[in-house]
Amino acid sequence: MSVVIGLDADLSGVEWLAEKIGRRLHAVAGGWCGRHIARPCPKTAADGCYFCEDFQTDRQFLPIHLDTLARTRELQAGAEAAERPRAVAVNERLATAVEHVIARITDQDHDGLAPTLDAGDTGHQATERATDAG
Numbered sequence: 001m002s003v004v005i006g007l008d009a010d011l012s013g014v015e016w017l018a019e020k021i022g023r024r025l026h027a028v029a030g031g032w033c034g035r036h037i038a039r040p041c042p043k044t045a046a047d048g049c050y051f052c053e054d055f056q057t058d059r060q061f062l063p064i065h066l067d068t069l070a071r072t073r074e075l076q077a078g079a080e081a082a083e084r085p086r087a088v089a090v091n092e093r094l095a096t097a098v099e100h101v102i103a104r105i106t107d108q109d110h111d112g113l114a115p116t117l118d119a120g121d122t123g124h125q126a127t128e129r130a131t132d133a134g
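What the sequence shown shows, in this note's numbering, is residues 1 to 134, in sequence order.
Hints are supplied without guarantee of correctness; some may be wrong.
[Stated by the list, open to error] Distance windows between CB atoms, simulated: (1) PRO42 x THR96: 16 to 24 Å; (2) LEU7 x LEU66: 52 to 60 Å; (3) SER12 x ARG39: 19 to 27 Å; (4) PRO63 x THR96: 14 to 22 Å; (5) LEU7 x ARG59: 46 to 54 Å; (6) ALA81 x ALA38: 43 to 51 Å; (7) ASP10 x GLU53: 28 to 36 Å; (8) ILE5 x HIS36: 20 to 28 Å; (9) GLU83 x HIS36: 36 to 44 Å; (10) ARG84 x HIS36: 34 to 42 Å; (11) VAL4 x HIS36: 26 to 34 Å; (12) THR96 x ALA9: 21 to 29 Å; (13) LEU66 x SER2: 51 to 59 Å.
If you are wondering where the hints come from, they were derived from the structure by calculation, not from laboratory data. Being a predicted model, the structure only gives us computed values, none of them experimental. Idealized CB from N, CA, C, for every residue including glycine.
From just these sequences and the hints, can you work out the full model?
If you want it as structure tokens, here you go:
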């Protein structure tokens with residue numbers, strides 16, 4: 001069966017479908033990767049998925065994230081004791097990223113991306129700024 005498409009046909013639906021098909025999720029440690037399959041993964045084993053904007057996770061993976069945080073803090077403490085500042089910095093960066101993921105998936109009320117209120121700000125003003133920003 002063949003499909004005939006006119007020269008003046010609107011292909012926006014086809015482009016949308018192709019993007020959605022290409023953006024299928026695949027399993028990674030502690031969650032899923034939402035990166036489009038045509039885009040290579042820029043991460044290294046040292047960085048892992050915790051730093052990637054395409055990394056998706058939820059509460060079911062919380063034990064993995066808590067274990068990762070505990071092991072990372074142990075490595076960081078060992079590096080501090082051995083006076084290895086580079087290893088300390090790498091593990092601190094990873095621990096911070098894991099803490100952010102844990103906070104995001106355990107926060108019941110919002111996704112952790114809500115604007116913070118300045119002194120004298122009302123919630124309405126902060127919401128307006130967030131809406132204006134994007």
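Subject >> Violating hint indices (sorted, rising) >> reply: 12
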